[in-house]
Amino acid sequence: MALDEQTLINLEVLQNSRTGRVEGSLLGVIDLTKTPMGSRLIRKWLSQPRLELPELLKRQEAVAWAVEETMVRASLIALFSKMSDIERLINRIGSGVALPREVVTLRRSLETMPSLVSSLENARVPSWLQIGLKPFPDIAALVAGAIFDEPSSNPGDGNVIKPKFSEELDSLRSASKDATQFLANLERAEQENTGIKSLKVGYNKVFGYYIEVSNANLPQVPPEYIRKQTLVGGERFITPELKEYEALILNAKERIEELEVSLFKQVCRQIAGESEHILALATAIARLDVIAGLAAAAVRHNFVRPELDEGLRIEIKDGRHPVVEQSLGGGVFIPNDTELDNNEAQIVILTGPNMAGKSTYLKQVALIVLLAQTGSFVPAGKAHIGLVDRIFTRIGAREDLASGQSTFMVEMVETANILNNATPRSLLVLDEIGRGTSTYDGLSIARAVAEYIHNNARTNAKTLFATHYHEMVELAAYLPKVRNYNVAVSENKGEVVFLRKIVPGGADKSYGIHVAQMAGLPRGVVHRAHEVLVDLEAKGNNKSGPGAKNRRPAPTTLQISLFGEKSPVLEELENLQVDSLTPLEALNKLYELQNKARGQ
Amino acid sequence: MNDVTPIRRQYLKVKQQHPGALVLFRLGDFYETFDDDARTVARELEIVLTSREMGKGNRIPMAGIPYHALDNYLARLVSRGYKVAICEQMTQPTPGRGIVEREVTRVVTPGTIVEPALLDSHKNNYLVSLAADDTQAGIAFIDITTSEFATTQLPLNQARLEISRLAPSEIITAQNGLGGWDISGLAGITRLDDFVFGTENAVRTLQEHFGVTSLEGYGCAHLPLAVSAAGAIIHYIRQTQKSSLSQITRLSTYHTVLLWHWMNRR
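As you go down the protein sequences, you meet chains G and C in turn.
For the first sequence, the positions run 541 to 1140 when this note's numbering is used.
For the second sequence, the positions run 6 to 271 when this note's numbering is used.
So here's chain C without its partners, still in its complex pose (with noise of 0.2 Å):
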């Protein structure tokens, strides 16, 4: 660690803490990659692979993009899938001070975009989390930009058709817990620590950002899955927006299963 310079070594530290994320670090005018980042990022926009010397006969790949670029070339690297982490100068360069301090001030993924240049005006941006047991599915969605935020809990097989209904931009579900059950196709799916969908936890996160001592006036108190998917999104969205969420006030509890048969046996 003798031969590599201070600025390689607060990239590393970044790194370490976003490793399913392209870091896009800042440094001056430019946001530059390195490593396997910077050979991704390079082919997939296009741009030049260079290197750079970081330590004593260290030379890193690296491929940057200018600063005032940085909307357009970020809508490509999500649109392909990507999730991105924008590493930030914190601090105003003083000379002699030594280098400044950096922090990744959000994870853009495709489905918690809030840029307006990113998104799709004609559409809803959706956010899908799912929990599943080996009979019953909890779906929750969000769109944060325009705070719609809801969930159910369905029968397994009732799942695939609700998610493609809503036909979201990312999926985000438990390391394990899914079993063999497919979702593969529908969007890309993001895998979360299996200890986030634990309904305690979700049930504490949700009563956290809402400000309330019980899920009652939600309507789904008695769905663990429902809750469990709902309390995963608002986890998620805390990690990667690093902004607030007050204006996510509401969660609306839905049903799929359709009355039908009911209504007309009456």
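Only chain G is shown next, with the shape it has when bound in the complex (with noise of 0.2 Å):
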């Protein structure tokens, strides 16, 4: 199923339009997932719902088992808390960029996997969710016994890799210790052995580890001592076994360096030889940490497992906006039916006034239909929905001024893409068609974009069509796919109480100035605005307001066009690159092109 970015952003799918956030939006509902690899994928499911079948069954099925199965989905979820991003890190392993910290944390992972598998054990698991699934304990041996569980942040600053991992490096590491160690001793020793007492070993960057012997003490130096230097107040001596222990000292430093940094990218290069079953590992958590997700999400927020199949007909019983419901808090939230057809109630007029909710439905019925073709539960009392292979939506006013686009250019815009593209699948959610211009023309816009939808085979979508033109009602008249809904209004001493039902019917007024009163418009300017509006409607009655005028039905085939220009079918066929094209593909475009003909 296809979603164009409008419909993403119009649905907000994937963020709340008003503040650029995941809160507020579809995801931020139902991604409960806990790994990195979870909640990158299901923003994939998210924006690319599928139309097959089978794999729709297969999901479902796979929530299903998550759902019923509350043990096991708790401790699933307890498991992925811990698990980071396997998927990036063996990426960074494999590509020799790793620090050694990120590959104790993909041990650390990888050290829950045993738990995991055994918490599915006996789990009837569906069998697509195992495949790749499986614990690794031999890379998590080898970094638990090389790398220490808190290294330095660089490989080569020496506490990166354990001891007994490497005999060479210990027997430098225990070389430089006991060298420095010996030279400590030093010290002691040599006065004992010279009997002065202020004999003293140093070091500096020129000479190195040097023993200093003050003037008077000159006599007692031994023999062996070697002159390296002279001072004011005493002299400086070397000696061989000096030497020798701070070359090792030196040495050693540089030498665990180098060998550290080796070890480490040998590690590394063990691991990654395993990158391909750690990397399709982490897309099997993936899976596993989406569907866990989602069940959890339909635990919560009370979701139905829809009924699919590839009929045309979408019935939705108690449906719910699975975004404005949160937002409200429980159960407040007033659920509503949805019934389309396309060869019953195909376009669902829903009329009624602003602010009542009418966006708000029919946001909820595309959410719905998205979620099902996600695979996901849906928020519903029970769900039927015949697969769609795109939504459109037309929703808002958004001036487009980068492109000196008006409200009402954006709008014809994307209502002409819509007419042009859509199937007898696809689902239609055109909210405020023909707003942007004036009344009249709006309306004549409305109607006609209905009529459109109604009488062309090609386009003839199941359409939910809301507008606060009352006059719109009178296509159900003449039209018989047409069903008229309205937004239950009670009105009670001139107070307005919007009851958020869809009703059967259409709605007689669009209630805009009680709104405006709502919103506090100055008392005087909502009384005139009444006197107006009276004035008005009487005058309407009185010639032939817009929906008497238009009362002529439309034609119900439209007319071939007389000009002789070449039919873009043909065009099209002209152009066509068999050559270029598998069977399947071909196939394909003979299926568009004949439906394409038939349609004009």
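Hints were generated in silico from the structure; no laboratory data involved.
Warning: the hint list may mix true and false statements.
[Stated by the list, open to error] Pulled a few chain G residues facing chain C out of the computed Cβ check, cut under 7 Å:
1. A542
2. S587
3. E627
4. S659
5. E661
[Stated by the list, open to error] In silico lysine to aspartate or glutamate, EDC-like type, Cα no more than 20 Å apart, as pairs:
6. G:K805 <-> C:E120
7. G:K584 <-> C:E167
8. G:K1129 <-> C:E167
9. G:K1021 <-> G:D881
We put the CB at the ideal spot given by N, CA and C, even for glycine.
Dock chain one against chain two, each of which comes alone in its own frame, and use the hints as you go.
Right under this line is the structure:
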């Protein structure tokens, strides 16, 4: 199923359009994954809903399994919380840029694998979820034996490779340590040997280690001391032994660095040898995480498993808007039913005042279909979804200042795109088409669009059409597949209460002035508006208003062009490069062309 | 040129090799930028624009960031769509040996980030490559942090839909060859030389990278635009990463043309 960028934005699938954040979007409500891999995968699933029934049933089956297996789900979620980004870690290790700390992080994740595998034992896990799911005890053990739990940040800083991993490194380290210890002890030992109490062992960058003796004690200096430097108060000596240990210390430090770097690289290479399998593990964890997350969301938000088929019917009982429902808090949201069917209720015209909840209802239906086609459960009492090939949306006013398009122009461009690309399999969500221009223009366009969708075999898509032009309800009189609904309003002594319940029938008033009053417009303005309205309605009834004048039914078939221009189908056929098509693509193309030819 | 210091000469040479990128030039404990780069960086990062004499009477605008704060500043530059070439000191400074050698070790672009600190772990970071003729488009995408690499070929009018689904952070395409087709607004666009997208060149790049003699096994051998797009991605990453690409071991060919109609006719 295809979702264009505008639809993703309009339906607030991946981000809330006001804040630009994930919170307050569909993703924010249903992403209960715990691992980074899982959260990337669920984002992918949401932005690419599927059309293939078998794939969707497979996912549904798995979610249903995770919903039922409460204990397994809880232990999975607990284990996933400890997992880090295995997918990216193994990539960094493979490309040779990983830091020691990251290798330890991978090890910690791999170490949770045995518990994960055992928690899935006897749990009747769907087999496709188990592919690639295996522990890597050798890799975990390798890292555990090689790298300190809290290594220094760069290999070569001396605190990366554990003792007992490399004999060479161990002996270098112990030599270095012994030598340091030896020098520390040397001062006392030489003091005792020579009887010179003021003898000192020191170090400077030019001479390295030396023994310093003051002038008064020079006669006691043993013969094996080699004079190196004369100072005012004394002389400095070295011994072959001293230099030997010095070399040991300095060389050892350098060699330890080199050796650690090369040992660390060797460990990384060994891990990278398994990278294909570890990547497969990352994929498996991502899938399982998404399934567990969808199940958790279904339980938490009270979703049900929708029935899916390849039919042309959408039937939702007590559907809810998953995001609005959450922000309102428990039990406040008023659920609504939906019935759409290409052969009967193809177009639903939804009338009602602004603010009554028309847009919420429209988006709710689209989101339920979208969720169903990602394999998720849906916010409804019961749902039957005939799969949809694309959701088109025309919602809201948006100016495209960058390209110099007015609100109305944007609206019309988007509408044109929908009418040109929709198929009978599509779901169209049209909110207030024609709002961006004058009333008569807008109403005329809105009616013409609805008639086109209804009558044109190529585009007769299931459509939700919200409008505050209550004249639109007249379409049902001559278009058999149009159904009127409105948002119930209770009016009591001039007080308007929106009941947010969708009921059959058209609205007769738009209550715009009531909304203005609720919004806090000055009393005088509201009162005057009321007078103007009464006046206008009186005039409208005398002359024939837009509703009356346009009652003439539209032609049910569209006329073929009389101007002899070449048909786009022919043109496409001429330009078709048959050689570059696979047989399957050719077949698809043929079908597409025939469809176009029939539609025209 | 006589009044120019050796460091300045070295810098200009590096800058010349990376004309489209901001060059961060390592000088001791700082990464410095010069000339227009310095003005841009000072503005974007709100750091002080100063100047440095690099040759007699030759004061050059300069702005620098301390080396340990690189990731933070890099994130801000890249998220605003800049490409950043990082030029490191390759040798230890030795007295009397002249200036140290410097080399660009990598070019950071929005689509080729690998630093965990610069990435959103909840999102894939896709680089998309686009090759098009009058009717068809080849679209390849890669996330180098996860090694996901795939390519497809589809009718030109579906290309925008596919790219927007991927929500890439960077798009590469040829200088010419998109005609009047509009891909603006989807992501930052990097234009590469046309030859990079040449089919022959792309085939060679891919075969070299995967160490194979034919692309049959990847399912795209008969899709010239899909191959062009995929080859260009490898070329671009090689240019910017300068580190091992050996973890990219797979290329999958996928189809977006849905078999929906066909399935239902059956």
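Structure-based check of each hint:
| no. | hint | verdict |
| --- | --- | --- |
| 1 | A542 | 6 Å, holds |
| 2 | S587 | 6 Å, holds |
| 3 | E627 | 5 Å, holds |
| 4 | S659 | 24 Å, violated |
| 5 | E661 | 29 Å, violated |
| 6 | G:K805 <-> C:E120 | 19 Å, holds |
| 7 | G:K584 <-> C:E167 | 13 Å, holds |
| 8 | G:K1129 <-> C:E167 | 19 Å, holds |
| 9 | G:K1021 <-> G:D881 | 9 Å, holds |
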